[in-house]
Amino acid sequence: MDHTIEKVVRHWGFGDAPNGYIPRKLDDLINELMQARLEIPQEYWGDAYIEVDEYDGTPKLIVAYDRPETPEETVARKASEREHWEGQIKEAHKRVAYCEAHLAIISDSPIAAVQEGGDNRRAA
Numbered sequence: 670m671d672h673t674i675e676k677v678v679r680h681w682g683f684g685d686a687p688n689g690y691i692p693r694k695l696d697d698l699i700n701e702l703m704q705a706r707l708e709i710p711q712e713y714w715g716d717a718y719i720e721v722d723e724y725d726g727t728p729k730l731i732v733a734y735d736r737p738e739t740p741e742e743t744v745a746r747k748a749s750e751r752e753h754w755e756g757q758i759k760e761a762h763k764r765v766a767y768c769e770a771h772l773a774i775i776s777d778s779p780i781a782a783v784q785e786g787g788d789n790r791r792a793a
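Residue numbers (my numbering): 670 to 793.
Think of the hints as simulated: they come from the structure by calculation, not from any bench. Fair warning: there could be bad hints in the mix.
[Stated by the list, open to error] Using 16 Å as the maximum straight-line C-alpha spacing, the simulated EDC-like pairs for lysine to aspartate or glutamate come out as follows:
no.	residue 1	residue 2
1	Lys-676	Glu-738
2	Lys-676	Glu-723
3	Lys-729	Asp-685
4	Lys-676	Glu-712
5	Lys-747	Asp-671
6	Lys-676	Asp-735
[To be verified] Across the chosen pairs, the derived CB separations fall in these ranges:
no.	residue 1	residue 2	range
7	Asp-722	Ile-758	32 to 38 Å
8	Glu-741	Leu-707	24 to 30 Å
9	Pro-740	Ala-773	47 to 53 Å
10	His-680	His-762	38 to 44 Å
11	His-771	Asp-722	42 to 48 Å
Every residue gets a Cβ at the ideal spot worked out from N, C-alpha and C, and that includes glycine.
Between the sequences and the hints, there should be enough to build the whole structure, so can you do that?
What follows is the structure, encoded as structure tokens:
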């Protein structure tokens with residue numbers, strides 16, 4: 670499966686957006702959009718896009734394009750994914766050990782023996 674990277678060229682919206690608020694004047698916005706297009710490599714112009722959305726009642730505008738992942742990015746992504754899944758396995762082993770320990774505790778108790786049918790006494 671080929672992986673792509675989204676490259677955001679402009680991001681306007683709320684005050685802490687990288688490019689601040691969306692330009693209010695039409696000419697300013699058009700100039701910004703033209704400048705953003707020039708920052709996109711020409712081979713991706715046809716696939717460039719804008720996203721218009723809202724965040725907490727404030728409009729958000731993004732200019733972006735997708736490009737193929739570089740070999741270096743592929744290596745980094747796979748290493749990150751491997752680290753993530755190894756961590757998941759480690760946490761799962763901890764959880765299994767925790768559950769096994771609790772099963773051992775209740776298996777040694779008189780109540781567990783009654784529930785398993787190994788003792789004729791009634792559990793209180």
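Status of the hints after comparison with the structure:
1. Between Lys-676 and Glu-738 the alpha-carbon distance is near 11 Å, which keeps this suggested pair within the 16 Å criterion.
2. Taken as a hint, the Lys-676 and Glu-723 pair is broken in the structure, with Cα atoms around 20 Å apart against an allowance of 16 Å.
3. Between Lys-729 and Asp-685, the direct Cα distance comes to roughly 11 Å. Compliance with the 16 Å bound is thereby established for this hinted pair.
4. With a C-alpha separation of about 14 Å, the suggested pairing of Lys-676 with Glu-712 holds against the 16 Å cut-off.
5. Straight-line distance between C-alpha atoms of Lys-747 and Asp-671 comes to about 13 Å, which keeps the hinted pair within the 16 Å bound.
6. Of the pairs offered as hints, the one joining Lys-676 and Asp-735 holds, with about 6 Å between alpha carbons and a cut-off of 16 Å not exceeded.
7. For Asp-722 paired with Ile-758, a C-beta distance near 36 Å keeps the hint of 32 to 38 Å intact.
8. Between Glu-741 and Leu-707 the CB atoms are about 25 Å apart, so this pair conforms to the stated range of 24 to 30 Å.
9. A beta carbon spacing of about 49 Å between Pro-740 and Ala-773 agrees with the range 47 to 53 Å that was offered as a hint.
10. In this structure the supplied range 38 to 44 Å holds for His-680 paired with His-762, their Cβ-Cβ distance being about 41 Å.
11. The beta-carbon spacing between His-771 and Asp-722, approximately 46 Å, falls within the hinted interval of 42 to 48 Å.
Checked against the numbered hints given earlier, the structure breaks only hint 2 and satisfies all the rest.
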